[in-house]
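Q: Residue numbers (the numbering used here), protein chains in the order written: chain A, 1 to 202; chain B, 1 to 202; chain C, 1 to 202.
With a Cα cut of at most 20 Å, we get these calculated DMTMM-like pairs of lysine to aspartate or glutamate:
no.	chain 1	residue 1	chain 2	residue 2
1	C	Lys24	B	Glu138
2	B	Lys24	C	Glu138
3	B	Lys24	A	Glu138
4	C	Lys24	A	Glu138
5	B	Lys25	A	Glu138
6	A	Lys106	A	Asp3
7	C	Lys106	A	Asp60
8	A	Lys189	A	Asp92
9	B	Lys106	B	Asp168
10	C	Lys189	C	Asp92
11	C	Lys62	C	Asp6
12	A	Lys164	A	Glu105
13	C	Lys25	C	Asp82
14	A	Lys25	C	Glu138
15	A	Lys189	A	Asp82
16	C	Lys62	C	Asp3
17	C	Lys106	C	Asp6
18	C	Lys106	C	Asp170
19	A	Lys106	A	Asp6
20	B	Lys106	C	Asp60
21	A	Lys106	B	Asp60
22	C	Lys25	B	Glu138
23	C	Lys164	C	Glu105
24	A	Lys24	C	Glu138
25	B	Lys106	B	Asp60
26	C	Lys189	C	Asp82
27	A	Lys24	B	Glu138
28	C	Lys106	C	Asp168
Now the stretches of chain A that chain B is said to cover, found in silico as 3 or more residues with beta-carbon under 8 Å:
no.	segment
29	48-57
30	104-114
31	131-139
32	182-195
For the record, the hints were derived by calculation from the structure and aren't laboratory data.
Glycine included, each C-beta is placed from N, C-alpha and C at the ideal position.
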Amino acid sequence: MFDLLDIIGTMAFAMSGALTAMHKKLDPFGVFIIAFVTAVGGGTLRDVLIGRTPVVWMQDLKYVYVIILGFFLTILFRKRLDKLRTSLFLFDTIGLGVFTLIGLEKGIVTGLHPVICIALGTMTACFGGVLRDILCNEIPTIFRREIYATICIFGGIVFFGLKKLNLDNDILYLLTSVVIISVRLLAVKFKWYLPAFDHKNN
Amino acid sequence: MFDLLDIIGTMAFAMSGALTAMHKKLDPFGVFIIAFVTAVGGGTLRDVLIGRTPVVWMQDLKYVYVIILGFFLTILFRKRLDKLRTSLFLFDTIGLGVFTLIGLEKGIVTGLHPVICIALGTMTACFGGVLRDILCNEIPTIFRREIYATICIFGGIVFFGLKKLNLDNDILYLLTSVVIISVRLLAVKFKWYLPAFDHKNN
Amino acid sequence: MFDLLDIIGTMAFAMSGALTAMHKKLDPFGVFIIAFVTAVGGGTLRDVLIGRTPVVWMQDLKYVYVIILGFFLTILFRKRLDKLRTSLFLFDTIGLGVFTLIGLEKGIVTGLHPVICIALGTMTACFGGVLRDILCNEIPTIFRREIYATICIFGGIVFFGLKKLNLDNDILYLLTSVVIISVRLLAVKFKWYLPAFDHKNN
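Construct all of the structure, not just a fragment, from the sequences and the given hints.
A: Spelled out as structure tokens, the structure:
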């Protein structure tokens, strides 16, 4: 189940990366690299910073195959993906939840402090997008208005809060995912965002 | 003493990063990440390249707390920080000296050649700023006019020169810091900078 | 022989990086860092992702010295390098072949799957240029029209195809390099490139 959600999330991230790159008029190689980086960039950064190398997608090729599949699907159906916008958004939100949990768990297994685990969860879920934006020569979206990352931090805090209740691990994971996914859906529905600083006028 | 200077430097780097991000009108999450990357990005890159993982701020949470404090101080006092410009500049210069020394020392402990140790010292002190500029979608300042990095290289050479004199370690550290900090102060006072190449006209 | 080609490739990459940085009007420190990153950035990323640290140029100083030499040669002869354009292009192409092979081999030694080895070969040959472009605040060239990276992937596939024939290692390496170098020369001569996606019009 969790593995399936991981694959769905990876696919959604890869497709959103590919779409961004196609809008930037990159060539197929560029589109593939941006899809790849969007999907596994956050987890790669996490693995490098905690020293778990070779990084995960080098040891488990399912990520590579899923991204290749997502890349071709995006190219083939690019005219029709606008109609699938809602499904893609849902899958992306599933990815947000699952990737945060994977990051949290890797931090715990490595024996790191909860604060660092929450940082790793957020990094896993959000820094693929940061790397995508850097490669596309943009200031990262999540540094501007999106509360994307804030939801992961919140999810991480909920996770460690629930963990103190000695819940079964499956229930702990399920609850945390549900919280992250629900808050994300509410955030988009009600247009929650962080206000930008306006240094000169404030 | 050295630990205190490390904290002062980290705080100054975090605050300068936060100010830059606020000028770019990022949201609080973006400002925090830029503050974080400016403060510990150089040391993180160093740790990753030499293979000392999990990277330093994952193992010693004082950096995280100092950056969080610097982040809130910058937000609270952002209108008044202009008046503290001189103090902030001094703290930043202290950071330059201390971070260079930390990088040099990590290189020596890892058994690397002096040339590489000097590179690591410079990286520790300067590449947080490089990563900050990349995330803010700018060509890094220190690649253009600033002699910031050149001072670290010079400091590293002085360090290995003095090291041959078999000085006590404390004195060696003190002298190197004083040299780096003094040259930086002189450089700013007398507006020393490296001339840019102008490929077409030269 | 192979070592010599490695040095020639490193020198060519460093010089092309230095030229790019000088066109961007960076100062000498910036030019040096861009030269350095262009030359060893791909290999550094590869080493970090597979966990071979300290990264290669920290352990084998020949790279540092070759880059320093390339940096000074570029500065001294910058007015005349246009006349050497053909030689530089040839050396760059040699670098493409050699670096791909080095990446492939490191992947094999690390025990990774052929698909990942091909990714590592491509990364070693092409991602120095990606990092150079990011530092110069450009969307990476190889993501737009260049088939540079595609040639490395093709070379990697040829390598594993030939490997099944149980050729002698030297012949295997020679053949793969010749293939990569020839395809690159043909690609430039006949202006082969990948078409960019134009999301709106397609």
